[in-house]
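Engineer: Quick note, the sequences are listed as chains U and F, same order. Note that full-length UniProt numbering has the first sequence beginning at 1, numbered continuously upward. Note that full-length UniProt numbering has the second sequence beginning at 1, numbered continuously upward.
If you're looking for bench data, these hints aren't it; they were derived computationally from the structure. Predicted model, so just to flag it, every value in this text is computed and none were measured. Mixed in with the good hints there might be a few duds.
[Stated by the list, open to error] When the alpha-carbon atoms are kept at most 30 angstroms apart in a straight line, the in silico DSBU-like pairs for lysine-lysine are as follows:
1) U:LYS139 - F:LYS145
2) U:LYS221 - F:LYS187
3) U:LYS187 - F:LYS221
[Unchecked claim] Chain U residues, not near chain F, derived (Cβ > 12 angstroms throughout):
4) ASP52
5) GLU65
6) ILE72
7) GLY103
8) LEU111
9) SER113
10) LEU197
11) GLY203
12) SER205
Note that CB positions come from ideal geometry on N, CA and C, so glycine has one too.
Number of protein chains: 2
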Amino acid sequence: MTEITPGFDFAVSIDCVLFGFDGTELKILLIERNEEPFKDWWALPGNLVDHDESVDQSAQRILKELTGLSDIYMEQYYAFGDVNRHPQGRVISVAYYAMLRLGGDKPLKPLSSYAKKAQWVNVASLPKLAFDHQNILNKGLEKIKRRIKHLPLAFELLPEKFTLTQVQSVYELILGKKLDKRNFRKKILSFKVLKELEEKQRGVSFRAATLYKFDKRKYNKLFGKEISF
Amino acid sequence: MTEITPGFDFAVSIDCVLFGFDGTELKILLIERNEEPFKDWWALPGNLVDHDESVDQSAQRILKELTGLSDIYMEQYYAFGDVNRHPQGRVISVAYYAMLRLGGDKPLKPLSSYAKKAQWVNVASLPKLAFDHQNILNKGLEKIKRRIKHLPLAFELLPEKFTLTQVQSVYELILGKKLDKRNFRKKILSFKVLKELEEKQRGVSFRAATLYKFDKRKYNKLFGKEISF
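In isolation and in its complexed conformation, chain U is listed as follows:
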């Protein structure tokens, strides 16, 4: 038993929202919890901040302990602090997000028994999540929905050479709705930032689609209008 300084009875946690695109599906990284509260539930990788680490350091440690992933640049995007968000008391959760292009990935392997396992799960078929994690995830989704409207994010998620169908998939998955193919193609090509390649898609049995590249220089010229002195 220790005396409490008034006000010093909150905890601070980290939650990591990692989005991944594997060429077909938008996924999110979840863990299956092995500890109360919410034992056996699916949750965002998250845990309490320790005394001897900053919140930024904590985010890296927790992601590694619960999923095995390290050296991933995550951006802090919001602190969630509703009164009843945690059953054990006031816990403010600082949320971080990152967007990854999946494929040939490092295996997921929790180093701590706090997580039974870590797994990429389709955003389209999520299980019920622990705590207010659905809310934290929704705010992360809003963030990438806003970012994708300014183009480059979509191309960060795609391979270097891609088909227009793949571009449309990324938009549909992040915006959460089906888009009309003809209108989509017309619009995306109207920005004149996709470079059509001579190459066609390989390994498909039927009508190989044309491949495109994102022309970052042209994008910057057209959209990167900034006042810089």
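Assemble chain F onto chain U, guided by the hints.
Structural biologist: Frame of chain U; chain F shown alone:
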């Protein structure tokens, strides 16, 4: 004496970074602290989050108690959580910012004895600030420096009709450096989003300058390029 749940011995605070432009100077809202630690120091308006309020509610309450200001939309921008940022223990501070056009303002009047007074202070001549508040303020400044490169922020801070000299002032103050007058005018006019008015500046004794208006519709057409479906 109460038993502590492990991990539940952090405190969470709010710090408010309010920028204001009065037509000439870029200012920041500070309080003079009346409590330890850092009694008698200048600081950002900030205090600990209470048990029965969310962090967002807390930001509004604290701003009002320490400065008398209410109903100001503030945006959360970062949670500061370095290990040694507070002498009394681990305190994670959630920072909020807002940009205000000053003039004919509501008077500043702390409602709580926690602040001796509240005052708009020139960013160019800041006193030494309590805690890591200079760092919190710097990160807020970085945020508005990035935002001003996309134009509209500057015009949110200016009156509806303004001179080119005033526009240049806003840029110089936020970017923290002097700009060449001729180059600045050429550049800012090249974006073609300023509408020259028939009117001239009034109440000046010598060579009244032409007034301009920001053409939001034209801006959106030129710069607001977004993919929307």
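Engineer: Are the hints correct? Go through all of them and say.
Structural biologist: Results of checking the hints against the structure:
1. Restraint check for U:LYS139 and F:LYS145: the C-alpha separation of about 25 angstroms stays at or below 30 angstroms, so the hint holds.
2. With a CA separation close to 16 angstroms, the supplied pair U:LYS221 and F:LYS187 stays within the 30 angstroms bound.
3. Distance restraint check for U:LYS187 and F:LYS221: the Cα-Cα separation of roughly 16 angstroms lies within the 30 angstroms cut-off, and the hinted pair is therefore satisfied.
4. Once the 12 angstroms rule is applied to beta carbons, U:ASP52 is inconsistent with being away from chain F; the minimum gap is 6 angstroms.
5. For U:GLU65, the requirement that its beta carbon stay farther than 12 angstroms from each beta carbon of chain F is met, with the minimum near 15 angstroms.
6. Every CB of chain F is more than 12 angstroms from the CB of U:ILE72 (nearest about 19 angstroms), matching its label as outside the interface.
7. Residue placement check: U:GLY103 keeps its beta carbon more than 12 angstroms from all beta carbons of chain F (closest about 25 angstroms).
8. Chain F leaves U:LEU111 outside its interface by the beta-carbon criterion, the shortest separation being 19 angstroms against a cut-off of 12 angstroms.
9. Residue-level check passed: U:SER113 sits 17 angstroms from the nearest beta carbon of chain F, beyond 12 angstroms.
10. The claim that U:LEU197 lies off the interface holds: its Cβ sits roughly 22 angstroms from the closest Cβ of chain F, which is beyond the 12 angstroms cut-off.
11. A cut-off of 12 angstroms between C-beta atoms confirms that U:GLY203 is not in contact with chain F; the least separation is 29 angstroms.
12. No beta-carbon of chain F comes within 12 angstroms of the beta-carbon of U:SER205; the shortest separation is about 31 angstroms.
Hint 4 from the list above is the single one not met by this structure.
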